[in-house]
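Undergrad: Sequence:
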Amino acid sequence: MRASSTSHPGFLPSLLVTTRRDHLHLALLCFGLLGALGLAIELGLLSTADAQVSSDARSWAIERPWLEGPLLAVEWVFEARTVMWMGVVLAGVLLVRRHARAAVLVAAVSVATRELTQHAKALFGRDRPLWQDTDHLLGSGSYPSGHAAGIVALAGLLVVLTFAHTRRTETRRLVSVAAGAVVLLVFADRLMLGRHYVTDLLGGALLSTGLILVGLAIVGPLRPVEMQQRRRPVSSGAPVAVGVLVSRSA
Numbered sequence: 001m002r003a004s005s006t007s008h009p010g011f012l013p014s015l016l017v018t019t020r021r022d023h024l025h026l027a028l029l030c031f032g033l034l035g036a037l038g039l040a041i042e043l044g045l046l047s048t049a050d051a052q053v054s055s056d057a058r059s060w061a062i063e064r065p066w067l068e069g070p071l072l073a074v075e076w077v078f079e080a081r082t083v084m085w086m087g088v089v090l091a092g093v094l095l096v097r098r099h100a101r102a103a104v105l106v107a108a109v110s111v112a113t114r115e116l117t118q119h120a121k122a123l124f125g126r127d128r129p130l131w132q133d134t135d136h137l138l139g140s141g142s143y144p145s146g147h148a149a150g151i152v153a154l155a156g157l158l159v160v161l162t163f164a165h166t167r168r169t170e171t172r173r174l175v176s177v178a179a180g181a182v183v184l185l186v187f188a189d190r191l192m193l194g195r196h197y198v199t200d201l202l203g204g205a206l207l208s209t210g211l212i213l214v215g216l217a218i219v220g221p222l223r224p225v226e227m228q229q230r231r232r233p234v235s236s237g238a239p240v241a242v243g244v245l246v247s248r249s250a
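Residue numbers (the numbering used here): 1 to 250.
Among the hints, a few may not be true.
Claimed, not checked - Restricting the straight-line Cα-Cα distance to at most 20 Å, the calculated cross-link-like pairs of lysine to aspartate or glutamate (DMTMM-like) are: (1) Lys121 to Glu79; (2) Lys121 to Glu75; (3) Lys121 to Asp50; (4) Lys121 to Glu42.
Hints listed in this document are in silico derivations from the structure and should not be mistaken for laboratory results.
These figures come from a predicted structure and were not determined experimentally.
All chains, full assembly: derive it from the sequences and hints.
TA: Shown next as structure tokens:
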């Protein structure tokens, strides 16, 4: 069983060592879907279902007033600018620990996600839902969601770094589950505060995922530790020493 798991590292480890061209192709797919989704929104193809889910989530939260404080707290903690600085701090830690390529990846993706989200909002110009929470009304564009883009970028980067530097299955699973849970928390927060439609969240996720893939293409593959160990040459010191001793005794 162990030999089988070693020879088949899994989807994410394999994705990390995919060629630059493949990373770019996947990134283009994400950006293409981002644009196609934006076009569908502009044409009103998804408006009915999109509005229904978002308004229902907001109505559910209104019926539970005790949720207001926690929801606003989540909104504040995971604000797009704050999440960007979390990524920058993480990049600094990686740089101090001499993981230069990983530091460049994290810093570049974190900043690019924040900046490009703002440009995408201006490009698509989608209005916020009419039923958004009246506390701290947001007037910026709705598509794509900055909160969604930021948290997916940070969570995705943490998972990528974990698979690249940690071999323990338990650690990988813990980080992946925790990262996914935080992403879902932020997504639910945006819907229950009425700040976004579901498609806004999907758009943010597509944008940041595409940027992570572009980052991997630029800095080169971050090889998972099990693949690093597999590529290490076996030391030939011991056999040579034995050969020398045998020849001398002869």
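Undergrad: Which of the listed hints are broken here?
TA: Violated hints: none at all, because every hint is consistent with the structure.
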